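Based on these hints, arrange chains B and C on the given structure of chain A.
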Amino acid sequence: MAENKEKSTIVLFSGELDKAIAAFIIANGAAAYDHEVTIFFTFWGLNALRKDEPVQVKKEWLEAMFAKMMPRGADKLGLSKMNFGGLGPKMIKHVMKKHHALTLPQLIELAQEQGVKLVACTMTMDLLGLQKEELLDGIDYAGVAAYLGDAADAKVNLFI
Amino acid sequence: MAENKEKSTIVLFSGELDKAIAAFIIANGAAAYDHEVTIFFTFWGLNALRKDEPVQVKKEWLEAMFAKMMPRGADKLGLSKMNFGGLGPKMIKHVMKKHHALTLPQLIELAQEQGVKLVACTMTMDLLGLQKEELLDGIDYAGVAAYLGDAADAKVNLFI
Amino acid sequence: MAENKEKSTIVLFSGELDKAIAAFIIANGAAAYDHEVTIFFTFWGLNALRKDEPVQVKKEWLEAMFAKMMPRGADKLGLSKMNFGGLGPKMIKHVMKKHHALTLPQLIELAQEQGVKLVACTMTMDLLGLQKEELLDGIDYAGVAAYLGDAADAKVNLFI
Numbered sequence: 002m003a004e005n006k007e008k009s010t011i012v013l014f015s016g017e018l019d020k021a022i023a024a025f026i027i028a029n030g031a032a033a034y035d036h037e038v039t040i041f042f043t044f045w046g047l048n049a050l051r052k053d054e055p056v057q058v059k060k061e062w063l064e065a066m067f068a069k070m071m072p073r074g075a076d077k078l079g080l081s082k083m084n085f086g087g088l089g090p091k092m093i094k095h096v097m098k099k100h101h102a103l104t105l106p107q108l109i110e111l112a113q114e115q116g117v118k119l120v121a122c123t124m125t126m127d128l129l130g131l132q133k134e135e136l137l138d139g140i141d142y143a144g145v146a147a148y149l150g151d152a153a154d155a156k157v158n159l160f161i
Numbered sequence: 002m003a004e005n006k007e008k009s010t011i012v013l014f015s016g017e018l019d020k021a022i023a024a025f026i027i028a029n030g031a032a033a034y035d036h037e038v039t040i041f042f043t044f045w046g047l048n049a050l051r052k053d054e055p056v057q058v059k060k061e062w063l064e065a066m067f068a069k070m071m072p073r074g075a076d077k078l079g080l081s082k083m084n085f086g087g088l089g090p091k092m093i094k095h096v097m098k099k100h101h102a103l104t105l106p107q108l109i110e111l112a113q114e115q116g117v118k119l120v121a122c123t124m125t126m127d128l129l130g131l132q133k134e135e136l137l138d139g140i141d142y143a144g145v146a147a148y149l150g151d152a153a154d155a156k157v158n159l160f161i
Numbered sequence: 002m003a004e005n006k007e008k009s010t011i012v013l014f015s016g017e018l019d020k021a022i023a024a025f026i027i028a029n030g031a032a033a034y035d036h037e038v039t040i041f042f043t044f045w046g047l048n049a050l051r052k053d054e055p056v057q058v059k060k061e062w063l064e065a066m067f068a069k070m071m072p073r074g075a076d077k078l079g080l081s082k083m084n085f086g087g088l089g090p091k092m093i094k095h096v097m098k099k100h101h102a103l104t105l106p107q108l109i110e111l112a113q114e115q116g117v118k119l120v121a122c123t124m125t126m127d128l129l130g131l132q133k134e135e136l137l138d139g140i141d142y143a144g145v146a147a148y149l150g151d152a153a154d155a156k157v158n159l160f161i
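Chains as they are written, first to last, in the working numbering: chain A, 2 to 161; chain B, 2 to 161; chain C, 2 to 161.
Because the hints were derived from the structure by calculation, they are not lab data.
Just so you know, not all the hints are guaranteed correct.
Intra- or inter-copy, both count: the list cannot distinguish identical chains.
[As the list claims (entries may be wrong)] Straight line, CA to CA, 16 Å or less: simulated EDC-like cross-link-like pairs of lysine to aspartate or glutamate:
hint, residue 1, residue 2
1, Lys99, Glu64
2, Lys6, Glu37
3, Lys77, Asp53
4, Lys8, Asp151
5, Lys52, Asp141
6, Lys156, Glu7
Source: prediction; values computed, not measured.
Same shape as in the complex, but just chain A (with noise of 0.2 Å):
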């Protein structure tokens, strides 16, 4: 029975390649051995679940230098270490292209597939000025409140 199954939550706070790699492969680990589990995406971390290509919406001045000064989608996030003015994400794709690794986009997919659940955090959406529209299909929307229901249900919570 649904209830029964083991949960897990992430909450994914960073916008960093390195970081939402690591949040996906537990995720996804973990939806494979059946677990419910959840990524709560909040302030920098928003920017793994943006559409890659600009998205036409109406924004204010400030809402618009955000979302231009942040990257657009999973293909372009930075590192956390080593990240050499986007040199380093070029080698760590590299190395994982070689070790058939999947990239950080085929883990989103992956996730999606395997019914991780995808939350955008609804209040950080407000600060940055980030709309439904630009952000990847099928994930769900909520605030804190949703996230504390799940954790509180859950025997794994990580903060990423």
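Leaving out everything else, chains B and C in the frame of chain A:
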């Protein structure tokens, strides 16, 4: 009964505005759901608890230098990303005000009103030469043993 | 009985001195309370497990470059804040010595003596081209599945 309350703990290790805001939003949310919540401030996280005016205490040279270099209180913290020499925090505070979101000092005040236990890590205080007079009133002081005792009883434990 | 012991897990993702120290202080504290503790070292966290002298192993060009650019062992890690090109870690080590706090290499040794399980993430080792000969003796090797198995049984799970 108190012993039946859900418990949550957060270690706030990071000294950045965005991470401290996330910690307090989660903590205040959990407290609103009647969880017993503890935030354990260690390393750079302690800076969020500093009073914003200088306090006259005797310090050795290195401790005085730490005190000078680290941000003095919740209103002085930088961002973990897009800090831009202090412009980033101004931008975030601007959009938070526009959206009527609570500031970090207000979030801390609300936490104290809701009975969230704010605990300063005494080991870090020793290392960085921070003294009780320099930190906010009404907080607790403890070491890692007390944190572990709380965490072992809690359902949600996060490291931020 | 072993199966009644409290369990704790830490993912050490970050490769900075201050975060590694925090991880080991929590781990050693939990072990002192007779918890079964696992630290799972992934991504930059693996650098804390590197031997401090170069080890002769065959590497391809990019792997050799990673090995050269990443800090070689617990004594070479930088700080997550106030690193100041290596001055910060010197200052922190100085105050830790003054306060008779254990150094990171000593904290690692203590963890091993207390039976804390140190697990190197084999997937990251493959990606970064790190080989067993280059890491400390007496550690374990496993993937995300083993971590998830431990975490699902544990009360305290942290991502650092």
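To see whether the hints hold, each was checked on the structure:
Proximity of Lys99 to Glu64 under the C-alpha cut-off of 16 Å is restricted to the inter-copy arrangement: shortest distance 12 Å between copies versus 38 Å within a copy. Taking identical chains as interchangeable, the C-alpha atoms of Lys6 and Glu37 lie at most 16 Å apart only when both belong to the same chain, with a minimum of 6 Å there against 24 Å between chains. Taking the closest pair of Cα atoms, Lys77 and Asp53 come within 16 Å of each other only inside a single copy of the chain (8 Å); across copies the shortest separation is 34 Å, beyond that limit. For the homomeric pair Lys8 and Asp151, the shortest alpha-carbon distances inside one copy (8 Å) and between copies (14 Å) are both at most 16 Å.
In the homo-oligomer, the alpha carbons of Lys52 and Asp141 lie at most 16 Å apart inside one protomer (15 Å), although the nearest pairing across protomers, at 40 Å, exceeds that limit. For the homomeric pair Lys156 and Glu7, the shortest alpha-carbon distances inside one copy (7 Å) and between copies (14 Å) are both at most 16 Å.
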